[in-house]
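Reconstruct the complex from the two isolated chains, following the hints.
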Amino acid sequence: MKEVLQVQGLSAGYGPLTVLHRINLTVYSGERVGLIGLNGHGKSTLLRAIAGLTDWQSGSIQLKGREIGGTRSQSAGRNTHRIVRMGLSLMPQGDALFYGLTVVDHLNSGAFTRSTWRERAARRERVLEIFPPLRKLLAAPVGKLSGGERRMVSLGRGLMADASLYLIDEPSLGLAPSISKSLIAVLCQIDLKEGAMLIAEQNLSMLEGKVSRLLGIHAGVLKGGADALSAASLNGFASAAR
Amino acid sequence: MQIDPYYVIVTAAMLASIYGLLAIGISIIWSSLGLINMAHGLIFALAGYGAWAAAQYLSAYGPVVLVAGIIAGALVGMLIGVLAFLPLYDKPNYVLRSLIATLAISLLGQQFMLTAFGPRSRPLPPVFGRASFHFGTAVVSAGQLGAIVTSWLVLALIAAWARHSRRGLEIRAMMRNPEGAALVGIGLRSTAMAVMAVTGGLAGLAAVLLSQTYFVSPFSGLTPLLKGMIVALAGGLGSIPGAIIAAVLVGLIEALTAVSIGGQFVLITQFLFIIIVLLIRPRGIAGIIETVRE
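Those protein sequence lines, which keep their order, are chains A and B.
If you count by my numbering, then the first sequence holds residues 1 to 242, one letter each, in order.
If you count by my numbering, then the second sequence holds residues 1001 to 1294, one letter each, in order.
In isolation and in its complexed conformation, chain B is listed as follows (with noise of 0.2 Å):
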């Protein structure tokens, strides 16, 4: 069977973008909150569907809807952080009883979202418009195009923020020494719902984006909650620059795997991938790339 390198790389690059939008921000909630946080995959579906509502009865404006998707996202981030961290991280045995309450929170939201918007997929409007490109013997449309550059730009854009701006300090120190966080005067609550916003509105702009190719529905967030765990764990829990590598290298086995052996195996080759790098460095990509750890 002949591969096409140029189709590879088109659909590698969308991937990766999507599942590093999603690993990034289970990497950094582990990290910082110390939450395993199962209800990343509602914020997913959710900001699809705020985005969607958006289109429907605000307008159908491309920049309007992917705004929507982000804020929607934020907003169902903060209102996990409400429920799953606030009352909990303080208690005995907390790292296991807010894995539980984000699961509640999941499926609870996905009942909620099948009983107020049923079962059929939505589209969401173009947001980049219907043109296409060709890349090689590839073609590439507005929508995909469009996705890798948002996602890549926002991660930029995260990624300076968080070395540069006060807030990304905090974090950054939350993520790495809770106690001596707390010692310079951070708060940890009011830090860890930004972390939570900042967090959802990526899983927002990744449902958006996603959506440009796939529909909304109501267990839409379950496929990315899974890659995107699975990302992050073989990026190494807690780093960013090991998630989006691992976004890449995982993007890349996906899209090769589908063409050459059928997207039936997509799973298998990419489980078989983390196992790999698990066990050569159990703290995933992270562990290569970092030259000091304590």
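Only chain A is shown next, with the shape it has when bound in the complex (with noise of 0.2 Å):
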């Protein structure tokens, strides 16, 4: 198996405060992997620091083998378009839409580079295939959607994009437990095919069996490292923390 993703000893963290204390994860392609912990321990932390929005951030992290990471100490978001072109797809925690914009400006959005700009039409037929909902209110402001509708904007728009890595920050949040079962089930279905996804949640339950593997994630360090730990184990973690 390859290694999509390879964080050593990753700290991360905003102005005095330490989120992250020398994280080590590795996602290997056609994984999908479930990050799960409770509110403030440092999931959206994690996912941020990938992509390079923290404040400040020190250790190394690898896409595809190539350095995304290192130290760095001011303007967070300076390189995430750079790391994003490189193959990275977050889809953050409030879905970060243009409000104004329209569904398919949402979409084609997500196709920034100039090749797969050039084949938005069927890429946006397939984001649709995933999510029929979307393909009625492609001219509709996103302003004039449901929460659930919203959350499909976002996750569409990131799966736009010839993503090798997906960060998809709480699928579920603020959604009825109905559609964010349906939400979440739709994307274990999706091919990843070289790539890899790291999903984080805080309900376990949501996850459990329909990932490749769980980790869990406790006041800035991950547990179970980067092996792979069974969701048994996990339960009692979840259930402690509760």
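Just so you know, these hints were derived from the structure itself, not from any lab.
Hints may contain errors.
[What the hints assert, rightly or not] Each pair of labels, with its calculated beta carbon distance range:
{"id": "1", "chain 1": "B", "residue 1": "L1099", "chain 2": "A", "residue 2": "P16", "range": "26 to 34 Å"}
{"id": "2", "chain 1": "A", "residue 1": "Q189", "chain 2": "B", "residue 2": "A1160", "range": "38 to 46 Å"}
{"id": "3", "chain 1": "A", "residue 1": "Q62", "chain 2": "B", "residue 2": "T1223", "range": "51 to 59 Å"}
[Said to hold, decoys possible] Which chain A residues face chain B? A few, computed with CB under 8 Å, are given here:
{"id": "4", "residue": "G77"}
{"id": "5", "residue": "H81"}
{"id": "6", "residue": "V84"}
{"id": "7", "residue": "A96"}
{"id": "8", "residue": "L97"}
{"id": "9", "residue": "L101"}
{"id": "10", "residue": "D105"}
{"id": "11", "residue": "N108"}
{"id": "12", "residue": "F112"}
{"id": "13", "residue": "W117"}
{"id": "14", "residue": "R157"}
[What the hints assert, rightly or not] According to the in silico footprint, chain A covers these stretches of chain B (three or more CB under 8 Å from chain A):
{"id": "15", "segment": "1159–1173"}
{"id": "16", "segment": "1186–1192"}
Ideal Cβ placement from N, Cα and C applies to all residues, glycine included.
What follows is the structure, given as structure tokens:
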């Protein structure tokens, strides 16, 4: 198996605050990894650090063998677009939508590289097959959409790219249980090809049995490290943390 | 006193097109770069000098002068981007610092123009010829007609470009959510420079068009900056349709005020209009026309 993502000794945080403490993590191609942790324990920070969006960070992050981390102490997001162009797709918490723009604008904006922009119609079609409810809403501004539809737009925008690593931050956040279940089921069916997917989630039962392996994150430290962790042992961890 | 409706229409259309070109630039810069560009008037004045220099040393042929003004405007816009946006945008208190930076650039630029070109006003050669037309009871010069037609044509082109091109989508995305834009691979710095070039080009076009009736001088950018700024505010900063509607209304008010109670009251009525708009709709005219907003 090829490593898509290799994180070594990653610490990151905001201002004087250290959120992540020397994290090691490897994700292999074809894998779907669930990252389980409670609010405020560093799930989002880990995903944002990989995308270069934290205030500062140190340690190594390699995407397909290319260094995207290193020590950095200022200017959050300065390199994010470059990392994204190297094959990262982060679907952030809160969706980061462009309010006022239409659904089709959002999907097109996901096809940012010159080559994907040319085949954006075909890519849009593929995303619409994954999220059929968006088909009727293509011309609607995203402000008019429901929470579930907005999440679909955010995920769909992320899926428009030719990414080798998909980072998905709490796809179930703020949605009705039945909707979040179906969204996660859809995400777990997507053909990853050579790529990999990392899903951060608060709710263990949402991911149990659907992903290749589960990792726990607690107080900025990964539980289980880079090794696979059985759902059973995580269960104990999650309920203890609760 | 008798008000000539044709004269009012021509004057209002002329003013609206100039204000529209400037206000849209200010509005786009604010919403995509978060920069209140106090040097927008400087772009206007320097582009006027660029066009004048082209007419003087290159060729007085209309299109050459027009293109020279646009290119000069785009270059000055990018220079402001290099000086006031790139070094500051990721620093704390960016909005205030960049406001001060553009103000400083504007003052320095004015002194530069005074030193380099002298206080004397310079005329531009007529770009659209010297013919004049009759519109009802009013006489329209070729310069005025050309200015109105050209600016609305360019505005339509810009709107279509923003809607359908990849660069346009990048700019619109950045206007709405810079972090979301970075997450889809849009480079903030390069997109910002594109924004400065396009809006600078618009200001340069406005400079050449207005100089068909006025002169180019070191301080000729001051009034356009002020008017462009209030039109952008009344339209709702960040809204292109809002800015266009506000430009038409403000132009109409200026023309009506000038013919009915006198030109010295123009600023008073314009500011009254903007105060009333902002009292009713704090987000400007965009607050009325946009149905969804988050």
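Tested hints:
no.	hint	in the structure
1	L1099(B) / P16(A): 26 to 34 Å	29 Å, holds
2	Q189(A) / A1160(B): 38 to 46 Å	39 Å, holds
3	Q62(A) / T1223(B): 51 to 59 Å	57 Å, holds
4	G77	5 Å, holds
5	H81	5 Å, holds
6	V84	4 Å, holds
7	A96	3 Å, holds
8	L97	6 Å, holds
9	L101	6 Å, holds
10	D105	6 Å, holds
11	N108	6 Å, holds
12	F112	4 Å, holds
13	W117	5 Å, holds
14	R157	6 Å, holds
15	1159–1173	holds (count 5)
16	1186–1192	holds (count 3)
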